[in-house]
Amino acid sequence: MREIKTVTILGANGAMGSGSAGVIAAFGGAKVHMLARDVEKAKQGIEAAVASVKTDTIRARMIPGSYDADLEKAVAESDWVFELVAESYEVKEPINTRIAKARRPGTIVSTVSSGLSIGRLAKAYDEDGQKHYYGTHFFNPPYKMILCELVTHSGNDKKVTQALGEYLDKVLGRAVVYTNDTPAFAGNRIGFQLMNEVAHFAEKYADKGGIALMDEIMSGYTGRAMGPLATADFVGLDVHKAIVDNIYDNTKDEAHETFKLPGYFQKLIDAGKLGMKSGGGLTKVVKHADGKREKFVYNIKTGEYDPYPKFDIPFIKEARQKIKDSDYKGAMDIVKNASGFEAEIARYFISRYISYSLSLVGEVVDTKENTDGAMGFGFNWVPASAFVDFLGGPKETIKMMEQSKIPVPKLLKDAKEGKKFYELGDKLDARSLFKG
Amino acid sequence: MSEKVFVLGGEQTDFQRNWTKEGKTFMSMMREVLDDALEKVGISYDEIKRLNKENRVAVFVGNFDAEQYANQGHLGAFLTEVNPALYGVPGARYEAACASGSVALDAAITHIRAEDYDLAIVLGVEVMKTVSSSVGGDFLGTAAYYDKEAKGVQFPFPKLFGKLADVILERYELKEERFMDALAEISRINYANAKRNPKAQTRTWFMNKEHAMARGGDNNMAVGGRLCITDCSQVTDGAAVTILASKDYTKEYAKKTGRKVDDIPRVKGWGHRVAPITFEAKKQESVGDKYILPWTRQTVKDAYKRADLDVKHIDVFETHDCFTSSEYAAISAFGISEPGKEHIAIEEGTIDFGGKKPINPSGGLIGVGHPVGASGVRMMLDLYKQVTNTAGDYQVKGAKNGLMLNIGGSATTNFVFILGK
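Top to bottom, those sequences are chains C and D.
In short: position in the first sequence from 1, add 849, done, that's the working numbering.
In short: position in the second sequence from 1, add 709, done, that's the working numbering.
Some hints could be false.
[To be verified] Straight-line Cα separation of at most 30 Å, BS3-like style, residue types lysine-lysine; simulated pairs: (1) K965/D / K1019/C; (2) K969/D / K1269/C; (3) K969/D / K1144/C; (4) K904/D / K1065/D; (5) K904/D / K993/C; (6) K758/D / K969/D; (7) K1276/C / K758/D; (8) K950/C / K993/C; (9) K1126/C / K1109/D; (10) K1269/C / K904/D; (11) K758/D / K1019/C; (12) K1050/D / K903/C; (13) K749/D / K918/D; (14) K1166/C / K1109/D; (15) K1284/C / K965/D; (16) K1185/C / K1133/C; (17) K1178/C / K965/D; (18) K1178/C / K838/D; (19) K918/D / K993/C; (20) K838/D / K1159/C; (21) K918/D / K880/C; (22) K1065/D / K1268/C; (23) K1133/C / K965/D; (24) K965/D / K730/D; (25) K903/C / K1065/D; (26) K1007/C / K904/D; (27) K965/D / K1171/C; (28) K1276/C / K993/C; (29) K730/D / K1166/C; (30) K1141/C / K838/D.
[Claimed, not checked] Here's a subset of chain C near chain D, in silico, CB distances under 8 Å, partners left out: (31) D905; (32) K1178; (33) V1210; (34) G1211; (35) E1212; (36) R1280.
Hints were generated in silico from the structure; no laboratory data involved.
In this text, a Cβ means the ideal position worked out from N, Cα and C, and glycines have one as well.
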């Protein structure tokens, strides 16, 4: 692979474009052509890039430009063209046609798509172009979230893939996860499965606490800083819909039905209530005249917003205290042995998450370390393999899965008892992802 | 003394973690690091119970300021909360500002040399992200003479070490540009080294020489005279454990674990000196001396003498780079260069990772992070890793002897230890 000295960013004014450009200009020391619809937007992207990595030293090597005036010239002198325009074939394909005409042989071209087919997008290129075409799925904000899913397709060259992976890892400081060209790749496929199925449960148990209850059951003691539905509200319900629809339409696996978008999500989207970015969605925060803020949650049954409730669920309290004391196995013992429907739901989703993560090995990724890395670095969720260890090993985990009527993946059936199942420990301390 | 005190290993927490954000405390940090250290070294709680019955084991806790950061004193007794196996085990907390870890090590080493105990667990711990950086800066001011040097001063320590930079520049009549370039190079090296250390606070942070040189402005603000953000180590939450042992116990341990006693490193020398507490008094006292920090130099000389070694025998250094100016002054204190010529050693790459006398392959305080009471113990752990060839990606090739310098206050309390096989 050619040394990466000059990079073109397409979509330079978006959060992902500017953030990625900042990382490339800073860590990679590259000259970066920042292209947007117009030069003013590109200039805004440069300032956002500087702010994201907090170094003025990159400003001088970032050159603003527009698609109309500068694309061909910038691409022709680039070693890597990183395209981050809107997430649709209709927008990306015409741009690819222009890049394909202007690129020199050996130039890497990649897209930040979180779900489109990399193989289909690669078709805009000649043989050399296809060989050098990748998905480089950065996460937001790129400086802080270091995951990069490096998505390959059948036309890639293994040597180029290896060299690009090393560049992303050693030079840009990314935690690189290799994934195959499958819908939503690894992180979003696993993450949105859980989020969407939890959303269905919120509807099913709407009269028992709905959205707020489900996030309470799946809160920090289950290995995530933010509840799954709070996460959906954070990324935006429209983005959530695009991802789960894509997976639903293009996959057929054991969790297929769980990818159907819940009706109330569609209702909220239709009403323009997309989540935090639009001032409200599954939850909303109201600022009162005295300056105090109050949080509300969407009532799925009534369509109104109710004050966000507090719950007092004894096993969750006890598990949280164990986590606070860094007794992770103790916390999982409480989860395993607690009674009541909330505990059953917790066990169901922990089982589902582990099972689904491990079931994708072979299809989406080659090793479980890739799904573990995707969830640990990309979502800040405790990786599935680490959960197996905290639950007391494969046998105990299988027992819980069987009780929750969740399929047991072969990888777990074949695992050796008494040996650590999680192998990323030196890179990512999974304990840090539990919140007490 | 080199035949009396052995180091069996240990462990540290990931210094990137923010335990308050995780909803955890100094206590959970102690529990994790001690469990990890014992597992890594291969000593069980049952073994501690056995040794305790014969009064052969003790614990030494290094901590600077849990009273203010965590509203908790009496940390020496807290290992009993980690595991009941530690009930009855003699334990106390040791404090000497940023050298708290070293004063705990010193106590442990002394007890083993005196043949009081066979096994010493030294645990350094500090939780610091419980408060804002300005409140924390004020707490840290108590490591100086608070009333005279810190009261009402925002971020007193960068200012004190900024003054050290001023004195170096004036006393040795250095060209400012060349001196500041050398300080930036110290930053660059420490951050670059930290990238290889999976437990370093800054391993994902951006830093290069260009940025370190770009002092001033919003992204690299001046915080203490000439010193800017990139010249400073940053506080963090963290804990580290090293486990020390007598020769008798080391023989038992080596037999049990299938190792050779000769492969287990020994504490070969130590030095401990206390300079006048205020920076102004230090400055006045050093007028006419070749060294601006003569007591730091003396501490190193004491350690060399006790170890019967010299700088030529030391393959790797871990130093107290709380600021780039403190690492700069340490270069001549170690004897790597003449005083006033430190910049030449830096320019020639002598202290770089691949240089002849690498300093802070771990990343040092600037790269690994500075949980105050844990830093000295972490440095000893890093020397252990280096001389046992277990430092992974940050291993200095063929390191046999290592030296650490840990200072409290504005180079007030000075501790040096030499570890080797």
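Check your understanding: Is the straight-line distance between the alpha-carbon of K1178/C and that of K838/D 30 Å or less?
Key -> At roughly 26 Å apart (the allowed maximum being 30 Å), K838/D and K1178/C satisfy the hint.
Review point. Do the alpha carbons of K1269/C and K904/D lie within 30 Å of each other, as the hint requires?
Key: holds (26 Å)
Review point. Is it true that the CA of K1166/C sits at most 30 Å from the CA of K1109/D?
Key: violated (50 Å)
Point to revise | Hint consistency between K1284/C and K965/D [alpha-carbon to alpha-carbon, up to 30 Å] | key: violated (38 Å)
Exercise for review: Take the C-alpha atoms of K838/D and K1159/C, compute the straight-line distance between them, and say whether it is at most 30 Å.
Suggested key: Holds. K838/D to K1159/C sits at ~27 Å (cutoff 30 Å).
Point to revise | Restraint status (C-alpha distance of K965/D to K730/D at most 30 Å) | key: Roughly 41 Å between the alpha carbons, so the hint for K965/D and K730/D is violated.
Check your understanding: Would the hint on R1280/C stand, with a C-beta cut-off of 8 Å toward chain D?
Key -> holds (7 Å)
Point to revise | Proposed proximity, K1019/C with K758/D (alpha carbon, max 30 Å) | key: Given that 30 Å is the threshold and the Cα spacing comes to 45 Å, the pair is violated.
Exercise for review: Would you mind confirming whether the straight-line C-alpha gap from K904/D to K1065/D stays at or under 30 Å?
Suggested key: holds (20 Å)
Check your understanding: Holds or violated: are the alpha carbons of K1133/C and K965/D at most 30 Å from each other?
Key -> violated (61 Å)
Exercise for review: Mind checking the alpha carbons of K1178/C and K965/D for me, to see if they're no more than 30 Å apart?
Suggested key: Satisfied, since the Cα-Cα distance of roughly 29 Å is no more than 30 Å.
Practice item. For the pair we were handed, K1276/C and K758/D, check the Cα-Cα distance against 30 Å. Key: This hinted pair is violated, its Cα atoms lying about 33 Å apart.
Hint violations for this structure: numbers 1, 3, 7, 8, 9, 11, 12, 13, 14, 15, 16, 22, 23, 24, 25, 27, 32, 33, 34, 35, all remaining hints satisfied.
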